[in-house]
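Take these sequences, add in the hints, and give me the full structure.
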Amino acid sequence: MALRKRLFCIAKPTLLPCKTAAFGTQNNRFCNALINKELRNRVICEKYLQICCLLQMYR
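Here the sequence shown stands for residues 68 to 126, numbered as in the numbering used here.
These are computed hints drawn from the structure, not numbers from a lab.
Glycine residues also receive a C-beta, built at the ideal position from the N, C-alpha and C atoms.
Some hints could be false.
Stated by the list, open to error - With beta-carbon atoms standing in for the labels, derived distance ranges: (1) Arg96 with Tyr125: 41 to 49 Å; (2) Asn95 with Tyr125: 39 to 47 Å; (3) Arg96 with Met124: 36 to 44 Å; (4) Asn95 with Leu116: 25 to 33 Å; (5) Tyr125 with Phe97: 37 to 45 Å; (6) Leu101 with Leu122: 38 to 46 Å; (7) Gln117 with Asn95: 26 to 34 Å; (8) Met124 with Lys104: 25 to 33 Å.
Here you go:
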């Protein structure tokens with residue numbers, strides 16, 4: 068995961084100046100998708116733990 072982030076989230080200089088914006092946008096979208104996936108996984112785990120905690124309280 069860290070390697071993928073390093074490869075796609077760091078802006079790299081391009082050979083043609085006109086290509087900078089297009090590649091930067093593509094890299095940002097990929098990076099944002101990775102971050103959103105990680106945040107979604109974290110939220111799902113937190114909700115699961117909260118439900119488990121509530122169920123144990125009522126036993």
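Results of checking the hints against the structure:
no. : hint                           : verdict
1   : Arg96 with Tyr125: 41 to 49 Å  : holds (44 Å)
2   : Asn95 with Tyr125: 39 to 47 Å  : holds (45 Å)
3   : Arg96 with Met124: 36 to 44 Å  : holds (42 Å)
4   : Asn95 with Leu116: 25 to 33 Å  : holds (32 Å)
5   : Tyr125 with Phe97: 37 to 45 Å  : holds (43 Å)
6   : Leu101 with Leu122: 38 to 46 Å : violated (32 Å)
7   : Gln117 with Asn95: 26 to 34 Å  : holds (32 Å)
8   : Met124 with Lys104: 25 to 33 Å : holds (31 Å)
Violated hint for the displayed structure: number 6, the only one.
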